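*Asks:* Residue-level listing of the chains:
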Amino acid sequence: DQQVKQNSPSLSVQEGRISILNCDYTNSMFDYFLWYKKYPAEGPTFLISISSIKDKNEDGRFTVFLNKSAKHLSLHIVPSQPGDSAVYFCGATSGTYKYIFGTGTRLKVLA
Amino acid sequence: KAGVTQTPRYLIKTRGQQVTLSCSPISGHRSVSWYQQTPGQGLQFLFEYFSETQRNKGNFPGRFSGRQFSNSRSEMNVSTLELGDSALYLCASSFGTETAGELFFGEGSRLTVL
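Going down the list, the protein sequences come from chains A and B. Letter 69 of the first sequence, counting from 1, is numbered 96 in this note's numbering, and no numbers are missing. Letter 72 of the second sequence, counting from 1, is numbered 213 in this note's numbering, and no numbers are missing.
Just so you know, the hints here were simulated from the structure itself, not pulled from any lab data. Please read these numbers as outputs of a predicted model, since none were measured by experiment. Each hint should be verified, as a subset may be incorrect.
Below, computed lysine-lysine pairings styled on DSBU-like, alpha-carbon distance capped at 35 Å [stated by the list, open to error]:
#1 A:K95 with B:K198
#2 A:K125 with B:K198
#3 A:K64 with B:K198
#4 A:K95 with A:K81
#5 A:K64 with A:K32
#6 A:K98 with A:K135
#7 B:K154 with A:K98
#8 A:K64 with B:K154
#9 A:K81 with B:K154
#10 B:K198 with A:K32
#11 B:K154 with A:K95
#12 A:K81 with A:K135
#13 B:K198 with A:K81
#14 A:K32 with A:K81
#15 A:K98 with A:K32
#16 B:K154 with A:K125
#17 A:K64 with A:K81
#18 A:K95 with A:K64
#19 B:K154 with A:K135
#20 B:K154 with A:K83
#21 A:K32 with A:K95
#22 A:K98 with A:K64
#23 A:K98 with A:K83
#24 A:K95 with A:K83
#25 A:K64 with A:K125
Derived, one-sided and incomplete: chain A residues facing chain B with beta-carbon distance under 8 Å [to be verified]:
#26 K64
#27 Y66
#28 E69
#29 G70
#30 F89
#31 F92
#32 S96
#33 I127
#34 T130
All residues carry an ideal CB built from backbone N, CA and C; glycine is no exception.
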């Protein structure tokens, strides 16, 4: 039972353009969402988060949007840079200290 | 401050053997979570420990077990290894007292089962 789904295994974007990574969830109890970035041979690193009381959170080039009615969130990266090429994981938790992650989306930013 | 440390980084085992992986959390963190990463399956939650007690558990068979020591260091054990257990095992730590907070991941232990 995949409670957090990232339906796009991969995405390619030109440098300077916008990257949009999507994530869907099924558990309506989730109230906190996170995005992590992972390079090969490294552990995932935290990127940005959003609480269910918000619908948008920005941090520099990264913005996360949350649509609770659709149980959907997205990560926007503007402008995309070659160093953003990595696997991105969407995660969620419902206040139980248990974080559920999706299968990841591999982003490739083309120079 | 030092990050999350996982040992060993790489190991090769054969089917039927058992393996123990270790995780040292960031100083002051009392929660340790374990995840299995495989291609196509993403990060699958194994279990979470807080103050030496298992607080959450994922949907893995009983061959997967863990424990946490009084210094918050954690170990996970996989017994009777199967080929499908080949994966990157990631440990993440946090203070464990906030229901919405950041997890800090280690670099992982890559297990290959032959």
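*Asks:* Please list, smallest to largest, the hint numbers that this structure does not respect.
*Replies:* 7, 9, 11, 20, 26, 27, 30, 31 and 32
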